[in-house]
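Model the placement of chain X on the given structure of chain Z, informed by the hints.
Number of protein chains: 2
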Amino acid sequence: MDKIIMEHGSGGRATGELIRDIFESQFNSDVLSEMEDAAVVPGSGTIAMTTDSFVVTPLEFPGGDIGRLCICGTVNDLCMRGAVPKYITCGFILEEGADVALLRRLVKSMAETAEEAGVKIVAGDTKVIEGNGGIYINTAGVGFIPDGVDIKAKNATVGDAIIVSGNVGDHHATVLSQRMGIKNNIKSDNAPLQDMVGNLVKAKMPVHVLRDVTRGGLGTVLKELALSSNTCFEIEQDKLPVDPQVESFCGLLGLDPLYMGNEGKMVAIVPEECANECVDIIKSSKYGQDACIIGYVNEPGDDSEKGSLILKTRIGGRRFIDILQGEGLPRIC
Amino acid sequence: MDKIIMEHGSGGRATGELIRDIFESQFNSDVLSEMEDAAVVPGSGTIAMTTDSFVVTPLEFPGGDIGRLCICGTVNDLCMRGAVPKYITCGFILEEGADVALLRRLVKSMAETAEEAGVKIVAGDTKVIEGNGGIYINTAGVGFIPDGVDIKAKNATVGDAIIVSGNVGDHHATVLSQRMGIKNNIKSDNAPLQDMVGNLVKAKMPVHVLRDVTRGGLGTVLKELALSSNTCFEIEQDKLPVDPQVESFCGLLGLDPLYMGNEGKMVAIVPEECANECVDIIKSSKYGQDACIIGYVNEPGDDSEKGSLILKTRIGGRRFIDILQGEGLPRIC
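Read top to bottom, the protein sequences are chains Z and X. Residue numbering for the first sequence follows my numbering, starting at 109 and increasing by one per position. Residue numbering for the second sequence follows my numbering, starting at 109 and increasing by one per position.
Honestly, the hints are just simulated from the structure, not real lab data. Note that CB positions come from ideal geometry on N, CA and C, so glycine has one too. Check before you lean on any hint, since a few could be wrong.
Only pairs whose alpha carbons sit at most 27 Å apart, straight line, appear in this in silico BS3-like list of lysine-lysine [claimed, not checked]: (1) K262/X x K228/Z; (2) K310/X x K394/X; (3) K228/X x K262/Z; (4) K347/X x K414/X; (5) K228/X x K347/X; (6) K228/Z x K228/X.
The calculated label-pair distances, taken between Cβ atoms and stated as ranges, are [as the list claims (entries may be wrong)]: (7) G226/Z x R427/X: 43 to 51 Å; (8) D129/X x G226/Z: 35 to 43 Å; (9) D255/Z x A209/X: 41 to 49 Å; (10) G409/Z x K216/X: 39 to 47 Å; (11) S133/Z x N384/X: 39 to 47 Å; (12) K347/X x K111/Z: 35 to 43 Å; (13) P349/Z x R213/X: 44 to 52 Å; (14) M143/Z x K391/X: 23 to 31 Å; (15) K394/X x P166/Z: 46 to 54 Å; (16) R426/Z x R287/X: 53 to 61 Å; (17) R212/X x G256/Z: 38 to 46 Å; (18) E355/X x R287/Z: 52 to 60 Å; (19) E238/X x E125/Z: 40 to 48 Å; (20) D258/X x Q433/Z: 50 to 58 Å.
Just chain Z, with the same shape it has in the complex:
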């Protein structure tokens, strides 16, 4: 077997072989190998649930692949509520002709990332459709919320500091470079953030909001958070962490890093008095070494500033930033 054929979606013998040969051997979970309709696992008093589908193209790129991405995406969404990610389900939609060796690499990458993120893959499903060898993966996840943790967009409060956990735009620039055939050393930042968030929670930092910076980029994410809390977010262009290579790449193509997606970065909004401590915790966590404070949550000066995001530019201007309009780059995740 070197290509996926329609029979792999039959629910019969070929499906069974695909599952045993490719998925079970890698995911290696006692729950999964029971081959039941649903996994039964220990629960918790308060749970977080999320889902994401992944359609990125190309399927493999410098720094990662759709397999690593689909675990990170779901793990990070759970983390953004302060949850400890626990269980992942994965649904594969395979186009006829999909390369089996490639699928094996992606599944291995999923397994390794799940291990890194401390989550168990407990249930899966495979469907086959006509097409040209494309691979789409949906992951859904469940995490447990520790007692007393309440992290959500509405909690952003005037006086809070806005922290970003590292350089923005890397993943987007990587996918775009691959798509355009541009050679450079830019790598995707796709990474699971359970260590970073877990450290903040363990240190009992009174974190108000966490949000990972994905499609739409930092600009869209911050504008949405400002709208949720009806406050005025002000960030400084000078403080935005951008990798120099990504910055030149953006300059060349006329792109704004504010609207470029990441897959391993988050925004943390925390009371100012503990902001430096939070930055230190993030910096000492995996994937957080470039964390910094980029701005503050302010009282809106007037009605026009309610729910607004303002960028203080390098030359001293104040620019209102809206959420992404139009299409940034399709299929970055």
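Relative to the frame of chain Z, chain X by itself:
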């Protein structure tokens, strides 16, 4: 907006509009409308988790559509472990050009089916890919397992009765009729089974195994269960409930109802002494009126009968049934 365009997958303004206009208005869930990265909901001591992707074509068919199907499929997988289905996440992969009016109908159907099944849609995701207007939906679900419930394939025990909850093959025959342009009155049986399973659990029936009859059909399902328990399942051809119209349809095309998928039927394996009571409970539940006992779990006569499924034919023969080989009918779910 009458067609989906790539911009709807941007994560920016168009995605927000799509979510508010089409999904939020129908799913109408306070949790979903928080627009957080993950939903936070009350948990339970033991949970069941499952996932399924749906790629059925056509998207609408007599008796149902992909929207009803994707809720039923996930609800039923949870039920098959005796769980009370609680929360659903849904991931949409939309091909460019997908019809927005159709999408609205499907989302409405999902919302209605979720209401019927007693589940809440708590998280979602939308991606857009190039293509020809196709719509794929992944659902994942969480259910709560009541104390003392332990339903799984390995529990099938010699002496157990094998019950099927109604006519087999309806969904498969419906999709095939549509695909071939054959006019008849066959309708899909796609239905949520939480009422049926809930009634068995409430009546404290000592159910050993439940399994819904989907891809691969009853033959594949029973053979897999026989293998899991290493017993010998014997069923009688004469007792298999098949709708007369589906039976003629199968006769005409040379199809075997044993390998035709359903989306609202289940197998229940229960101790013989309570089998009639179980049948009565299923018959009095929604979607269970045609339930009957079709066979028994027997001691294997010799090694060749270990993990086997034997069909006693109408003319008195005994035929070993294997799991589906080759492709039954692609994309029935």
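Violated hints, by number in ascending order, as checked against the structure: 5 and 19
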